[in-house]
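Residue 162 is where the sequence shown starts when you use our numbering, and the numbers rise one by one after that.
Misleading hints may appear alongside valid ones.
Below, computed lysine-lysine pairings styled on DSSO-like, alpha-carbon distance capped at 27 Å [what the hints assert, rightly or not]:
1) K235 - K166
2) K210 - K166
3) K260 - K166
4) K263 - K283
5) K166 - K263
6) K166 - K209
7) K268 - K197
8) K197 - K260
9) K209 - K263
10) K263 - K276
11) K260 - K276
12) K235 - K209
13) K260 - K210
14) K283 - K209
15) K197 - K166
16) K209 - K197
17) K235 - K276
18) K209 - K268
19) K263 - K210
20) K210 - K283
It should be emphasised that the hints constitute simulated quantities derived from the structure, not laboratory data.
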Amino acid sequence: MQVQKSLLREWEQQTLLADDYYHRGDLRCAFAAFAKTVYIMSEALQDKKVLPESIRCFVLACQNCAHTASRLGKLGSCEHYFVMSFRRLESLLADPIQKVNKRLLEKEIELAHRKYIQFYAKMDVSSRLVNSNQRVNSCCKKLFRKKLSQRLSSWLDRYRYSLASFSSRHHSEEESILHTRHSVRKRTLSFH
């Protein structure tokens, strides 16, 4: 626990340094400093009981590094850090030894997936990544699109389910309110 807290302090100092580089326009130094924050937070995630702050800071470190890489035009590195953010959390979730808040971890994984999909949609990575072996490249694209569409469809299914349950709950509440109003009117009319 103490190790994680000291790593969080180190992460904060390194992030402030990287942020300073970034705002001065020195993107190469900012990228190197943000990459160091990812390394620092990766160490924090190796503890048996991971603090929620460590999880959030790891995701932020990966996203900062990915954003800086995209500004430098390093789309491969950018994608690498986005993927690293949710893959590492997925491995934490699957690890039976780790003592983490599962709901928090699932929420962070979902947020990391969303950021990755936003990056993918914004940058159209599949058309910009060039591979010398065209067959391998096309197979990777198909596999990546399939995984992406599976994730999107599962999110859409969850969204539709929550929307449907909300609307059915909302309609049943409206119906019960109308029914209550109608029965109250009947009672008041019968007393007169």
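Against the structure, the hints come out as follows:
Restraint check for K235 and K166: the C-alpha separation of about 32 Å exceeds 27 Å, so the hint is violated. Taking the CA atoms of K210 and K166, the gap is about 12 Å. The hint holds against a cut of 27 Å. A C-alpha spacing of about 17 Å is found between K260 and K166, which places the hinted pair at or below 27 Å, so the restraint holds. Note on K263 and K283: the hinted pairing is violated, with a Cα-Cα distance of about 30 Å set against a maximum of 27 Å.
This hinted pair checks out: K166 and K263 have alpha carbons roughly 21 Å apart, not beyond 27 Å. Proximity of K166 to K209 is assessed by CA-CA distance (about 14 Å); at most 27 Å being required, the pair is judged to hold. Restraint check for K268 and K197: the C-alpha separation of about 25 Å stays at or below 27 Å, so the hint holds. At most 27 Å may separate the alpha-carbon atoms for a hinted pair to count; K197 and K260 meet this at roughly 25 Å.
Among the hinted pairs, K209 with K263 is consistent with the structure: their alpha-carbon atoms are about 14 Å apart, no more than 27 Å. A threshold of 27 Å between alpha carbons decides the hint, and for K263 with K276 the separation of about 20 Å falls inside it, so the pair holds. A distance of roughly 26 Å separates the Cα atoms of K260 and K276; the hinted pair therefore holds under the 27 Å criterion. Distance check on the hinted pair: K235 and K209 sit about 34 Å apart at the alpha-carbon level, beyond 27 Å; violated.
Proposed proximity of K260 and K210 is supported: the alpha carbons are some 5 Å apart, at most 27 Å. For the hint pairing K283 with K209, the CA-to-CA distance comes to about 37 Å; that exceeds 27 Å, so the pair is violated. With a C-alpha separation of about 17 Å, the suggested pair K197 and K166 falls inside the 27 Å cut-off, and the hint holds. For a cut-off of 27 Å, the pair hint linking K209 to K197 stands: about 22 Å separates their Cα positions.
Restraint check for K235 and K276: satisfied, since their Cα atoms lie roughly 17 Å apart, inside the 27 Å limit. Straight-line distance between C-alpha atoms of K209 and K268 comes to about 20 Å, which keeps the hinted pair within the 27 Å bound. This hinted pair checks out: K263 and K210 have alpha carbons roughly 12 Å apart, not beyond 27 Å. Between the alpha carbons of K210 and K283 the distance comes to roughly 36 Å, so the proposed pair goes past 27 Å and is violated.
The structure fails hints 1, 4, 12, 14 and 20 (numbered hints given earlier, in ascending order).
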